[in-house]
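From just these sequences and the hints, can you work out the full model?
There are 2 protein chains.
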Amino acid sequence: MKIVALAGGVGGARLAHGFSKILIPNEFTVIVNTGDDFSHFGLYISPDIDTVCYMLADISNSQTGWGRKNESFSVFETLKEFDAPDWFLLGDKDLALHLERTRLLEKGYSITQITDKIRRFLGIKNHILPMSDDEIRTIVNTVEFGEISFQEYFVKYKFQPKTIGFRFNGIEKARPTQAVIESLEKADLVVICPSNPFVSINPILSLPKIRAILKNKFVIGVSPIIGGKAVKGPLALMLENDGLPVNPFSVKNMYEDFLNIFIIDKSDGPIVKDYIQPSSIIISTTEILIKNLNAQIQLANKIIDLYEKYK
Amino acid sequence: MKIVALAGGVGGARLAHGFSKILIPNEFTVIVNTGDDFSHFGLYISPDIDTVCYMLADISNSQTGWGRKNESFSVFETLKEFDAPDWFLLGDKDLALHLERTRLLEKGYSITQITDKIRRFLGIKNHILPMSDDEIRTIVNTVEFGEISFQEYFVKYKFQPKTIGFRFNGIEKARPTQAVIESLEKADLVVICPSNPFVSINPILSLPKIRAILKNKFVIGVSPIIGGKAVKGPLALMLENDGLPVNPFSVKNMYEDFLNIFIIDKSDGPIVKDYIQPSSIIISTTEILIKNLNAQIQLANKIIDLYEKYK
Numbered sequence: 000m001k002i003v004a005l006a007g008g009v010g011g012a013r014l015a016h017g018f019s020k021i022l023i024p025n026e027f028t029v030i031v032n033t034g035d036d037f038s039h040f041g042l043y044i045s046p047d048i049d050t051v052c053y054m055l056a057d058i059s060n061s062q063t064g065w066g067r068k069n070e071s072f073s074v075f076e077t078l079k080e081f082d083a084p085d086w087f088l089l090g091d092k093d094l095a096l097h098l099e100r101t102r103l104l105e106k107g108y109s110i111t112q113i114t115d116k117i118r119r120f121l122g123i124k125n126h127i128l129p130m131s132d133d134e135i136r137t138i139v140n141t142v143e144f145g146e147i148s149f150q151e152y153f154v155k156y157k158f159q160p161k162t163i164g165f166r167f168n169g170i171e172k173a174r175p176t177q178a179v180i181e182s183l184e185k186a187d188l189v190v191i192c193p194s195n196p197f198v199s200i201n202p203i204l205s206l207p208k209i210r211a212i213l214k215n216k217f218v219i220g221v222s223p224i225i226g227g228k229a230v231k232g233p234l235a236l237m238l239e240n241d242g243l244p245v246n247p248f249s250v251k252n253m254y255e256d257f258l259n260i261f262i263i264d265k266s267d268g269p270i271v272k273d274y275i276q277p278s279s280i281i282i283s284t285t286e287i288l289i290k291n292l293n294a295q296i297q298l299a300n301k302i303i304d305l306y307e308k309y310k
Numbered sequence: 000m001k002i003v004a005l006a007g008g009v010g011g012a013r014l015a016h017g018f019s020k021i022l023i024p025n026e027f028t029v030i031v032n033t034g035d036d037f038s039h040f041g042l043y044i045s046p047d048i049d050t051v052c053y054m055l056a057d058i059s060n061s062q063t064g065w066g067r068k069n070e071s072f073s074v075f076e077t078l079k080e081f082d083a084p085d086w087f088l089l090g091d092k093d094l095a096l097h098l099e100r101t102r103l104l105e106k107g108y109s110i111t112q113i114t115d116k117i118r119r120f121l122g123i124k125n126h127i128l129p130m131s132d133d134e135i136r137t138i139v140n141t142v143e144f145g146e147i148s149f150q151e152y153f154v155k156y157k158f159q160p161k162t163i164g165f166r167f168n169g170i171e172k173a174r175p176t177q178a179v180i181e182s183l184e185k186a187d188l189v190v191i192c193p194s195n196p197f198v199s200i201n202p203i204l205s206l207p208k209i210r211a212i213l214k215n216k217f218v219i220g221v222s223p224i225i226g227g228k229a230v231k232g233p234l235a236l237m238l239e240n241d242g243l244p245v246n247p248f249s250v251k252n253m254y255e256d257f258l259n260i261f262i263i264d265k266s267d268g269p270i271v272k273d274y275i276q277p278s279s280i281i282i283s284t285t286e287i288l289i290k291n292l293n294a295q296i297q298l299a300n301k302i303i304d305l306y307e308k309y310k
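Residue numbers (numbering that gives the first Met the number 0), protein chains in the order written: chain A, 0 to 310; chain B, 0 to 310.
If you are wondering where the hints come from, they were derived from the structure by calculation, not from laboratory data.
Please note: incorrect hints may appear among the correct ones.
Since the list gives no way to pick one copy over another, a pair counts as held whenever it fits inside one copy or between any two copies.
[Claimed, not checked] Pairs of lysine-lysine residues, derived as PhoX-like cross-links and limited to a Cα-Cα distance of at most 20 angstroms, are as follows:
no. : residue 1 : residue 2
1   : Lys79     : Lys106
2   : Lys310    : Lys1
3   : Lys1      : Lys308
4   : Lys1      : Lys301
5   : Lys155    : Lys106
6   : Lys79     : Lys116
7   : Lys231    : Lys216
Spelled out as C-alpha cells, the structure:
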C-alpha cells in the first residue's frame, strides 16, 4: 500500500511521524508546502520542510514541535550584539542545515535534490518531497500592514494582523515536481494532514494537476481544529476573519471536491449533526490531538483502518 | 598627527592594534585589503576585515591571531553531519558577523558602510576602511591547479601549491573608496603593515591613485619577513617561487617607489650590508615580532618616533 501525505509544518509533521513509524519506508511519502520558504541573512530557509525532516529524524524539539532538540543559540546571541533582526529564531544546529541548503542551491541543485540529500544525512528513510522546485511565496494580505510575507505575518507579527486574504506569488508559473505527480498517481491513499488549509495545504492544492489527481484518489483529511480552537497557529483567526465558524466543517468544506473521509476530534462529535450537509464524505471521530508519538502512531493506524474499511 | 596603515590579515591587524592603543581614535585609520573576500555557504566573508575588527575590539583569538576568542563551533560540527565542506573554519560568533554582513549587503549597504556599522557595534573607535566597495578577487595561479581563489589556495590547500603569479580579478574597473582617498590625502604618515606584499598590500596598491598618493607621503614599511622566514603564511614560499631571496629586502624592493623608511628585525641587521642598494630609503632595525600587545605598542611607538625624527 502506498500512502502519500500532504503536509505543512508542525501538525503535518506530527502525523507524518506516526506513519513513518508503522509503514515500510517506500510505502509512505510526504509532500511538503514550500510557500513558507524565505531568505533571511542570505540563507534559504524552508520552515515546513525543516520541521518535517527534524520530526521524522526524531531530532525535533518536542516542546515547540519545530526546531531541533538539544539546540544551542551561540550565533543568535551574537547577532543580538550587532542589533540584527531577532524575530526569527536561528539555532546553531538549525543554521547548519540552512547553510548547507544555501550552498547546494548556489551549486545548482534543486530544492527536491537538496531535501533528499538532507533527509538521507538525517537518517530518514521516507521520501520528503517539496511541492515544487519553483519559487512560490505565500503573501498574506493584512488590514494593518497590507501585503506581507508569510514569515513576517507568522513569526515577526505573531499572526496578530487581521487577514484579508492570501496569495501564492509565483503559483501561475509554478509546477509540481515530477516526483510529486508520480507519488500521487501511484498513491492508494492520500492523507491531508491536520495543517492549516489556507497557508499549508492550499499552496499545494493550487499547483496544476494536484486537485485533479486527488479527485480520482481515496483521500482522508484530518481536522486541524479541535473544540473550536486551532491546535496551533493562526487558523482560528483566519476562519473568523473570513466569517466562517471555527469548527472542523469549515475546513472540510475547503476539501469538499476530493475528500472521501474527514476525521474530526471526538470532542467535536456532538456538533456533527448541526453542521453536516448532505454529502458523500464520511465523518469519522477519534482522538486527533497528536502531541506525542503514541498518539501519532494511533492516528496513523486509525487512518489506515478507515481506508481498509471504506476503500 | 594622522596615521593611516595599509593592512592585510594577522600581521597588519597586530600592528594596527598597537597604534589603536596609543593614538587618539581620529589620529589612526586602517585601510584593509578585500581581495581575500569570498562567498561561502551563501555568506559574504571578509577575512582580513574580520581579523582587523576582532583584533582592534580585543576579542580575537590570541593563539591563532584570527577568529574570535571564547568561540564555539556548534554550527560547524553540525555541518559535518551533512558532509558539507569543512576546509574553512566557521565559528558560531564569527558566523553571526558573516550573517549580518550578508543581510546588510542584500539590503543595499556598501562594504564600507557595513564595516563601519560592525566596528561601532564591536566598540572600535578607529575607522576601518575596506580598500574598495567594488568586487576585487585575488586569484592565485598555481602549478598544480591552475587559477584558484585565494581562500582555496590559502585555507583549503594550506598554501602548498606552487605559485606562478597573482591576479586581482575586477581591479581594472575597481576604484578605492572616497574615504580611502581622503584618509590617505590627509595622512601625515602612511604605514605599510607587516602583511604579505603579494596578496595583502599589492591589491591595495593596485587600485587607481593609491601609489601616486603614497609617493607624496611619508611612508614607513615594516618587514613581514624575519630571519629568512615569513612570520605567518605563504610569503616565504611565494618569494622562493619568484626566485627571490627570502629576506626583508625582497619586500622592500616591492615598495621602492614610495618608501621612506623600512623597518626590519634586529636579527636581520647583519645582512643589511649584503643587500642594501644605494637608495634613499632608511633601514631601521628593531624588534618586529609583535605577537603580544606590549610588542605591538612598542613597534607602533617606534614607528612614530622614526617619523618624528626623519619627517
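The hints, checked one at a time:
| no. | hint | result |
| --- | --- | --- |
| 1 | Lys79 with Lys106 | between (30 angstroms within a copy, 18 angstroms between copies) |
| 2 | Lys310 with Lys1 | within (13 angstroms within a copy, 85 angstroms between copies) |
| 3 | Lys1 with Lys308 | within (16 angstroms within a copy, 86 angstroms between copies) |
| 4 | Lys1 with Lys301 | within (16 angstroms within a copy, 78 angstroms between copies) |
| 5 | Lys155 with Lys106 | between (30 angstroms within a copy, 18 angstroms between copies) |
| 6 | Lys79 with Lys116 | between (32 angstroms within a copy, 13 angstroms between copies) |
| 7 | Lys231 with Lys216 | neither (28 angstroms within a copy, 67 angstroms between copies) |
Comparing the model with each earlier hint shows a violation of hint 7 alone; every other hint is respected.
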